[in-house]
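Q: One-letter residues, chain by chain:
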Amino acid sequence: MSKEAMIRQILVITDGYSNIGEDPIQCASEARRQGIVVNVIGVVDKGDMGVVGRDEAMSIADAGGGMCRIVHPVDLSATAQMMTHQTMQMTLQQVVNQELQSVMGKSTEELPPADRSRVMQVVDKLEEEVGLHVVVAIDTSASMKDKIPTVREAVRDLALSLQVRLGTSQVAVIAFPGAGEQSTKLVQDFSDEVDMQGLEASLQARGGTPTGPAIRHAISLLKQLRHDTSAVEFEDGPRRDYA
Amino acid sequence: MTQGVHPRLTKGSKVLGKWTRQQWVVQGALGVGANGAVYAVRGADHQRYAMKVCEDAGAVAFEWGLLEQLSAHGFAFPKPHCIDDSAAHPSLYFYVMELVDGQPLDVVWPRLDAAGVKRILLATAYALRHLHKSSHAFCDIKPQNLLVNLHENQCVRFVDVGGVTPFGRSVRQFTPTSDVAFWGLGERRASARYDIAALALMVATLCETPPKTLSQWPLERRQAWMLRTIRGLRQKRLSTLLEDAVYGRINHADELIHRVYDLPADRRPVVAKAHRQAAATGAVASGSTALGQQKRKSQPRRPGKSTAGRADWTERLMWYALTCAMISTAGAWAEYLR
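Each protein sequence line maps, in turn, to chains A and B.
Those letters in the first sequence? Residues 1135 to 1377, by the numbering used here.
Those letters in the second sequence? Residues 424 to 761, by the numbering used here.
What the hints contain is simulated information worked out from the structure, not anything from laboratory work.
Ideal Cβ positions, reconstructed from N, Cα and C, are used throughout, including at glycine.
Hints should not be assumed to be uniformly reliable.
[Stated by the list, open to error] Derived coverage of chain B by chain A (criterion: at least 3 residues anywhere in the stretch with Cβ under 8 Å from a Cβ of chain A; other residues may be distant): (1) 484–491; (2) 500–511; (3) 596–606; (4) 609–620.
Work out the full structure: start from the sequences and follow the hints.
A: Here it is, written out as structure tokens:
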């Protein structure tokens, strides 16, 4: 396995349930079919997300093969990083498991614990070296108003963590809803650091919650990037994507 | 994937190892966290151990590998004993290690004087030096991960090996208030400097509890708060040490050890009285939810500041009375013998 292998993730940060556009759960299953993991963080402050919001967040993560956590704003930053790390590890473990199955006819769990420990060291090393593309989709509906400063800091903090990895890491940010009649907007295209001024200017809370269209937008960004980079890296030999 | 709750092991339940066929009797929970739970257990040899239990076979195996690797470098971390899967419970993976005796630093902290702080910093610096020799950083330095036992020679032990990272790699597990990148003072990459700065940040946040809204503040405001806290300490030599560490000017544990030796070791607290109170209440609040929390003995409270003042006054009265009595006795004797 080489360094040009890529892991692709979408991180949805929201505080309620979707009320505009297509079904987010269907969009998440679509992402999963394309080899993209969808993680969801529900942010609550004083009150609760409500049963509907909570259920939807869980279902999106289930459909997208990712994780879901409902947290207070204070824990947002740490949670975003923990999830990115754990789901990357999950993806890699699945790949390693497949390889083990085909070579030895055993899964990691069936190995004696001491051997398992060696396998995990390999997974850990891969996780540091593998390429990562993350789209952070931020809910900027009216109810998010007070939480936007925290979300902004959390996105910056996530980028800080990813910057120092040995593998390449690129983060793009989209906001939903977008300006005017648009359901989403691109705040920042893939880059290895986050433009804080840009975030400050374009994260304005207003309107409803088009979660589905946001996931759809994120998928198209990731697909686009894949075409671009494969063209660039074509000479280095065949690329390998983890699906 | 949503993380399920594994069947909580209760006191008296037995865990039989699938591979080693050893049996462990659970004696109680020591702490529960996001990535598993730690229990006190008794083995077939009647010795007490700590057992880390997790649903994720990978996470358990990975931590075990780290513990084994580190046991060759110093004794800061618990000694690894064995790794196994439960034969009876589905997807219950565990490893067994030495049971470290001690209290989390945030519980001990409010009772410490300057000499105690110096001793703990020194022990931590030595433990870090051992760890750094293996080219690993601890990374997740927080009060709940440092167990203190002032009766032991090696009075500080590290628990929770999950954050340990080889030098040069990105830090995966950290506590925001002990993380230089969170304060905008450095990058989140494992190094000796990262650990030393984390230790200093932890000491500063023990001296004064950070405000709840800290994570919403922009970087400049966070930095200003940190600098004000460090410079506001009563002990000037400790302030300059912390400031140098936080700004990444101490790059090696050896240098840290030298600097800690220079600290005064008197009986006075390192924080001014008002701060001390705030720190104490904050520490109790966070201490009750501590993960690495070991048994908490109820310790006799040392007299606080106000009772100390009254004691001084009665003491002075006592000496005054004694002196008067001696003088009058001497006078009486002199009168009698004359």
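Q: Take the hints in turn and mark each one as holding or not.
A: Going down the list of hints, with the structure as the test:
1. Using a Cβ-Cβ cut-off of 8 Å, 5 residues of the segment 484–491 of chain B lie near chain A, which meets the minimum of three, so the contact claim holds.
2. Note: the segment 500–511 of chain B has 3 residues with beta-carbon separation from chain A under 8 Å; the three-residue rule is met and the coverage holds.
3. Check result for the segment 596–606 of chain B against chain A: holds, 3 residues qualifying (beta carbon to beta carbon below 8 Å, three or more required).
4. A stretch counts as covered by a chain when three or more of its residues have a beta carbon under 8 Å from one of that chain; for the segment 609–620 of chain B and chain A the count is 3, and the coverage holds.
Consistency note: the structure conflicts with none of the earlier hints.
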